[in-house]
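> Chain residues, written in single-letter form:
2 protein chains.
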Amino acid sequence: MPSNEFDLIAQYFAPLSAQEPGARNLKDDAAVLDIKPGHQIVTTMDTVISGVHFLPSDPPESIAAKVMGVNLSDLASMGADPYVYTLSAALPAGIEAAWLKRFAETLSKIQKKYNFTLVGGDTVVTPGPLALTINALGTVPTEQSLSRIGAEVGDVIFVSGRIGDGALGLQVLQNNLTVSDKNERQRFIDKYQSPIPRLRLGKELRGIATSAIDISDGLLQDLSHICKVSNVGATIELSDIPVSSVVREKKDLIELAISGGDDYELLFTVSAELANNISEIGLKSNVNCSIIGQVTKGNDIIIVKDGIVQETIAKRGYNHFNT
Amino acid sequence: MPSNEFDLIAQYFAPLSAQEPGARNLKDDAAVLDIKPGHQIVTTMDTVISGVHFLPSDPPESIAAKVMGVNLSDLASMGADPYVYTLSAALPAGIEAAWLKRFAETLSKIQKKYNFTLVGGDTVVTPGPLALTINALGTVPTEQSLSRIGAEVGDVIFVSGRIGDGALGLQVLQNNLTVSDKNERQRFIDKYQSPIPRLRLGKELRGIATSAIDISDGLLQDLSHICKVSNVGATIELSDIPVSSVVREKKDLIELAISGGDDYELLFTVSAELANNISEIGLKSNVNCSIIGQVTKGNDIIIVKDGIVQETIAKRGYNHFNT
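Line order of the protein sequences matches chains Y and Z. The first sequence begins at 36 in the working numbering and counts up by one. The second sequence begins at 36 in the working numbering and counts up by one.
It is possible that some hints are incorrect.
You can't tell identical chains apart in this list, so a pair holds if it fits in one copy or across any two.
Stated by the list, open to error - Using 25 Å as the maximum straight-line C-alpha spacing, the simulated BS3-like pairs for lysine-lysine come out as follows:
| # | residue 1 | residue 2 |
| --- | --- | --- |
| 1 | Lys238 | Lys71 |
| 2 | Lys319 | Lys286 |
| 3 | Lys62 | Lys332 |
| 4 | Lys62 | Lys263 |
| 5 | Lys319 | Lys238 |
| 6 | Lys285 | Lys238 |
| 7 | Lys136 | Lys319 |
| 8 | Lys144 | Lys319 |
| 9 | Lys62 | Lys238 |
| 10 | Lys285 | Lys332 |
| 11 | Lys332 | Lys319 |
| 12 | Lys319 | Lys217 |
| 13 | Lys285 | Lys217 |
| 14 | Lys340 | Lys147 |
| 15 | Lys71 | Lys286 |
| 16 | Lys144 | Lys286 |
| 17 | Lys148 | Lys136 |
| 18 | Lys136 | Lys217 |
No lab work stands behind these hints, which were simulated from the structure alone.
Hey, can you work out the whole structure from these sequences and the hints?
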């Protein structure tokens, strides 16, 4: 590791700021940025800690992908375009230059993919585990951002992609689950380690979705967030939730799939009139979107399987504070 | 501590967002904000970790003041007006509700003082030490932000307030230094625990200062940052550096005062023509500003005492990575 903070920033992080003159090559106390007229800024912050949000054995590439992915996913759920970010890296004293190099290279790749630029942050040595915090800034045309608030009775509930793959990936990595199909196994691991933010989809849903959230805490819990703040209930059909064949075949995995978190898919609601547009929007956004239920009156989430009520719940899912 | 993250946010943090409708009561994935026309945004991020940036024995009031102060100080050094912030709180599992209450109350007081509002963030349980990260957003009229870059040969070098009080406060708290004057002793501790961001001064220096930085790493190191990025040298007169009588009386403390860090005063340069304006600006900003030297050619910082050269240095000060 470089012997001082300034060399470390100059070597690994300053090159990541080159696209944005307002970053001042990371040589100033802060970055100074222009906002396009007619746009609002969207700001979100997420922290990932070794041993909590990723495994200590995860390679730097997937740790970089995770911290970028979870923050970009929040921008996606708001319908925002990525703009710039600041990064706080709390590094254990022994971290190696090779680790930093690989970490920064992955940040660079993701930046290019999503047109997202590092403009500042902080680098500190921590006596604790590796911890990374990103504050992501996005932009959105004024008044066009998405929100968790706005689901209305009668709206159709959609999810993008497949649900549960991330939770299964964690189980595979922890040797709690064996998946014989090697491609599928890798897909689960990739989903856990390198979430794909549904930015294109979020953008296409501006003016279409009545509410949206990214699934980080688990489908049920994130649906309950939408229901709570929109003051509605929901009915979801288990058989319609898009899951891998591994989940279809092992019945005890469905609970994990819908409660487990780490999907980073979008869960959103659309009026019945506009629901037909979603398959085309999914095609444009390169992700399949599935109808999984309907917004109802009340505050309960009713889980149905093949039309038969399985469970009625008020609140569910992964709770960071009980694990 | 509340049993889940959502209750904790609702109870302690959501009330801090009440002034800003775009914070959506912290119920959404992100905040959505308007930027005044003719303004740029300024973004900066600083992390403080227990045992590194503050003492594990520090009360929640001073920890809140520290993380707010260091970030607001960065906005001050850019000449920005505080706008909003996001906060990542990585809390050890056993943290108590009473601690959180006192912490949030101090955030609230500082918010009111500086017209600064919480709009989002993240709350996680960490197996490591308490760690807090703030991303501060400020605004500045377009093209009027201050910068470390811009000091010119012949400019006069100023500092605000007194230098070294924060470093002395740390020594007092660590029982390495005895200060008999109780008021002075408390002043040192307050300076270490609760830095005062020089926001009014930073704002008044728009269009006046050719360069500015806040002193976090120590006067000499921060001066060397300005010199490096502005491609100039400096001469400073030790006798002109405003220090407490404790430092004046004990000669070995001057080294600590100018290298120690944690001042969070502003160090800035002004052309000789405009230097006369600074005493009035200091009065307006409620902080004394002292001339401590001059910008020179070359890259060296020359330290003079009563006109006699003491030392010539290329780079100096506190290095986060060597402690």
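> All the hints need checking, so say for each whether the structure fits it.
Evaluation of the provided hints:
1. Taking the closest pair of Cα atoms, Lys238 and Lys71 come within 25 Å of each other both inside a single copy (17 Å) and across two copies (24 Å).
2. When the C-alpha separation of Lys319 and Lys286 is checked against a cutoff of 25 Å, the pair qualifies neither within a copy, at 33 Å, nor between copies, at 71 Å.
3. For the identical chains of this complex, Lys62 and Lys332 are inter-copy neighbours only, at 20 Å across copies versus 54 Å inside a copy, given an alpha-carbon limit of 25 Å.
4. With identical chains, the CA atoms of Lys62 and Lys263 are at most 25 Å apart between copies only, with a shortest distance of 10 Å across copies and 44 Å within one.
5. For the identical chains of this complex, Lys319 and Lys238 are intra-copy neighbours only, at 11 Å inside a copy versus 47 Å across copies, given an alpha-carbon limit of 25 Å.
6. When the C-alpha separation of Lys285 and Lys238 is checked against a cutoff of 25 Å, the pair qualifies neither within a copy, at 35 Å, nor between copies, at 63 Å.
7. Taking the closest pair of Cα atoms, Lys136 and Lys319 never come within 25 Å of each other, the shortest separation being 35 Å inside a single copy and 48 Å across copies.
8. For the homomeric pair Lys144 and Lys319, the shortest alpha-carbon distance inside one copy (23 Å) is at most 25 Å, but the shortest distance between copies (48 Å) is not.
9. For the homomeric pair Lys62 and Lys238, the shortest alpha-carbon distance between copies (20 Å) is at most 25 Å, but the shortest distance inside one copy (33 Å) is not.
10. With identical chains, the CA atoms of Lys285 and Lys332 are never at most 25 Å apart, being 33 Å at best within one copy and 74 Å at best between copies.
11. In this assembly of identical chains, the alpha carbons of Lys332 and Lys319 never lie at most 25 Å apart, being 32 Å within a copy and 58 Å across copies at closest.
12. Taking the shortest alpha-carbon separations for Lys319 and Lys217, neither the intra-copy value of 29 Å nor the inter-copy value of 69 Å comes in at or below 25 Å.
13. In this homomeric assembly, Lys285 and Lys217 come within 25 Å of each other (Cα to Cα) only inside a single copy, at 17 Å, whereas the closest approach across copies is 71 Å.
14. In the homo-oligomer, the alpha carbons of Lys340 and Lys147 never lie at most 25 Å apart, since the shortest distance is 43 Å inside one protomer and 52 Å across protomers.
15. Taking the shortest Cα distances, Lys71 and Lys286 never come within 25 Å of each other, neither inside one copy (50 Å) nor across copies (54 Å).
16. Taking the shortest alpha-carbon separations for Lys144 and Lys286, neither the intra-copy value of 38 Å nor the inter-copy value of 53 Å comes in at or below 25 Å.
17. Taking the shortest alpha-carbon separations for Lys148 and Lys136, only the intra-copy value of 19 Å comes in at or below 25 Å, while the best inter-copy value is 42 Å.
18. Within a single copy, Lys136 and Lys217 get their C-alpha atoms no closer than 29 Å, and across copies no closer than 50 Å, so neither meets the 25 Å cut-off.
Checked against the numbered hints given earlier, this structure breaks hints 2, 6, 7, 10, 11, 12, 14, 15, 16 and 18; the rest are met.
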